[in-house]
Every structure is written in structure tokens, then in C-alpha cells.
Amino acid sequence: MAQQITLIGGGLVGALLAQQLAGRGFKVDVFEKRPDPRIAGFVGGRSINLALAERGLHALRQAGLADDVLQRAVMMRGRMVHTRDGRSGLQRYGVDDSEVIWSVSRGALNMLLLDAAEAAGVRFHFGQSLVDVGFDAGRIRLADEAGAVREIDAPVVIGADGAGSALRAAMNGHTPLGERVEALGHAYKELEIPPASTLAAELVDRSGGHDQFALEPHALHIWPRGGYMCIALPNTEGSFTVTLFLPAHGAHPSFATLPDARAARAFFEHDFPDVLPLIPDFANDYDGHPVGTLSTLYLQQWHLGGKALLVGDAAHAIVPFHGQGMNCGFEDTVVLASLMAEAPGDTADVFAEFQRIRQPNSDAIAAMALENYVEMRDSVADPHYLAKRELGALLAERVPQHFMARYRMVTFTHLPYAYAYERGRAQDVLLEQLLRGSTRAGSVDLDAAAATLQATLPPLPDLHG
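Just so you know, our numbering puts 1048 at position 343 of the sequence shown, and the rest follows in order with no gaps.
Treat the hints loosely; a few may be bogus.
[What the hints assert, rightly or not] Derived lysine-lysine pairs resembling BS3-like cross-links, with alpha carbons at most 30 Å apart:
#, residue 1, residue 2
1, LYS738, LYS1012
2, LYS1012, LYS732
3, LYS894, LYS738
[Unchecked claim] The following label-pair restraints were derived from C-beta to C-beta distances:
#, residue 1, residue 2, range
4, ASP849, ASP992, 17 to 25 Å
5, THR1144, GLN776, 27 to 35 Å
6, GLY1050, ASP849, 28 to 36 Å
7, THR903, GLN708, 48 to 56 Å
Calculated directly from the structure, the hints in this document are not laboratory data.
Owing to the predicted nature of the structure, the values given are computational and were not obtained by experimental measurement.
Quick reminder that beta carbons are idealized off the backbone N, C-alpha and C, glycines included.
Build the full structure now, drawing on both the sequences and the hints.
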């Protein structure tokens, strides 16, 4: 008889995990508090597009869904950096078009994953909120949208219900998990650049030759301004989702000093004058969209024996500045489904091993995501950073077995996040020593630098192992 698994949360990670477990012979029921987005429409409130990279693609390949997803995605070759003086330039993510990331719609991806999971035999129950869990009895209580409560057997419960996880709250009430939430102190608000056809012709950048888009579509656009920034990601229908990141409180500029569209418009006219004309519905967007918070979640314990486990954002929510939140969660599903298939009757050992494998890596990507915020809002326009980036690219070409930029390790390989973090730090120390404060990569003797690198750091491991 197939083992019963109860999943809380039918979002991206929950739906993909459910499909993978069902495909390995488990009987899976998913309880999701929101209505079915395929019927009710996708409920917004979170970023409507996400960056899909190799780790996430690998999980989708395992599920047989990668091709379907990529047909609905927009390729992004790198960062298009827009400076204060109106100039822009592309900083590639990888060496060529074999190393790109993809902008995908959260809603469209979620619905595709729900369809795939149902086709694999997963049973979804929408409009069902988790009320309480009796871990010792192996039962959960659920409330429907009308408030009616029912109780069902759930001897093994997995929470994929996001940063505000109801299962995590229930687990923490039963046995303290060592929860720590570190607020970034910065927040975000989403705006929209519509398709080019809705804008005046003189506002549209035709340099890329893409009539559908107001800006170059195959890039993640960044307007770095030191302690804050705007970014824009392309959507398949020609629009861009613009996200403004600012301190939540404090001196200007912050969301506290920009309480409404009138104040925000004056700020954009001064700091983002090339963005504002592309957002014709600026006032409604700014006043109508909520200010989102940004925090990092750390837990000492992700599971209660073999009875309950947390995955994805429910276990390790991170800030979005490395574009790895979804990718990390998808990587969770690959590891967990594989472990459970190897030992289907031993969830206690499986859950403990899952945390042992994944926690050092989730801690590492959390740290790198925080560092990447500083890089995106400030360093991308800094001459010393650009010199280090150029020198790194030259060394990667000269001795590829010994040097790979940390961003490439994180984004285009399967190397553990923890390895990429430590290797990246060691490489950065070496680049600083080689440059000696210079802002010119050409001032470094490449032959001597390559020899120093090979003598200092061991070769990189199998990049896709």
C-alpha cells in the first residue's frame, strides 16, 4: 500500500514536490488555503515574475516540465545597468547564450505545475486553511472558506506553505524550532511598464529591434542608486514588472518619506527620470500596490522526527536579490523526493538527512542574496567592482578549471551553494590581491595571475555533479 503524504501549500514548491512524490509511488494530498488559481484566477500580492536558473530547470527536467516552462519564459542574458547620466550597458551573467536566466510568470508556472501534479495522481484541496496539528495523534484540522472545520488523518505532514507557514507555527508551538527572522530594513513596491504598443513612440527604446517591448527584453534592467534601486523584469506579453527597493523607514528616500504617488512621482522625476515616462499608470500602481517586506528566515530545526517537515520558504525564506528563492526551493524537491524514494518507510531518517544536506546550502544562499543586494544597488556601477569582474572573466577564460565567478557557480551549475559561497570568498580575496586597489584589469600580469591562482586554489569540482 502506498505511503500517505499530506502536503500543506500548493504553490510552486508544493505542487512540484507533490508531482515528484506521486511519480515515485506515494499517495499525496495537498491542502491549499487559496482558491484554485485555474478557476478563480491567480491571486497576486507577490512578485508576478521570477528568475529561473539551472537549479530550478534541473528540477523541472526531472519532472518532465522544463520545455513547457521555457516556452512561457523570456530569456535574460544579463544585467542592463542604467546609470544616473542616462547611459546603459549590459553585464552578461555568463560567457554566452548557453548561460542565461529566464523570466517566468509565477501564476502561469503555478498553474502548469498544478496540472502536472494532478496528472500524476495528486489530489488537491483548495480553500483549506490549516488550523491545528495533533502531531502525536497524526491528525490535522482544516477550515474551509466558510469557516467549517474538519479533522483528517495525516501521519506525515510536509509544509511548503511559504514564509508565513501555518505548519511551521504549529510545529513551533509543539516543539520550539529555534526560529529567527532577520528583517532587511528595506521594502519593495511593484509597478508596471506596459507593452510598447500602449506607449508614445518617442518613449520606446527600439535599439534591440523588439517592437513588443519598451526596453531591451533579454535583460534584467537595474537602475542602481547606491542605497536603493529599481529593477525591471520582462514578461512574455511585452510588459515589464518594475520593482522599487527602498529603506522602509528613515531619512529620504524611504517608503516612510514617500507615502503616496504624488511624493513618489517627484522622487522618480529626480532619480529615475527615464523610467517614469514608461509607467503611464504610475499613480494607480503606486497608491494601489502594497509595500512588501523583506526578511531572512533561519530555523535550527526543520522537522519533528518523521512526523513533519518544512521545505522551501517555509524552512528558509530569503531576500530576492540573487533570484534563487524559487530555484533553491525546487532544488529542495529534487533532494527530498530522491531521499524518500530510497527509504519510503523511514521518514525520521529521511527528514534528518534532508536538513543535514540542505541547511548549510540554504544558509549560504541566504548570505549571498543579502550580499547581492549591495552589489545590485551599488557595486554594478563601481569602477573597482567592474575591474574585479573583468579580471575574473579573463582568468576564467585562461584557467577555467581553477576560476569561475561565484554568480556563475550559483546560477549555472549544480555545485552546492555552500561550496560556491566559500570558493567565491577565496577567489575574491585573490582578485583583491592581484588588483592592489587598481581599477584597471589590464594592469595585472595575466600569466602570473593564472599561476598564482593555480598554486593557491584547487581545481573546481564537477560543475554538474
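Hints and how they fare:
Simply put, LYS738 and LYS1012 have alpha-carbon atoms about 21 Å apart, close enough for the 30 Å limit, and the pair holds. In summary, the hint linking LYS1012 to LYS732 is supported, as the alpha carbons are separated by about 16 Å, within the 30 Å threshold. Straight-line distance between C-alpha atoms of LYS894 and LYS738 comes to about 24 Å, which keeps the hinted pair within the 30 Å bound. Distance hint check: the CB atoms of ASP849 and ASP992 are about 34 Å apart, inconsistent with the given range 17 to 25 Å.
For THR1144 and GLN776, the Cβ-Cβ distance of about 43 Å falls outside the hinted range of 27 to 35 Å, so the restraint is violated. Remark: the range hint 28 to 36 Å for GLY1050 to ASP849 is upheld by a beta-carbon distance near 32 Å. At roughly 52 Å, the beta carbons of THR903 and GLN708 sit within the given window of 48 to 56 Å.
Going through the hint list in order, the structure does not satisfy hints 4, 5.
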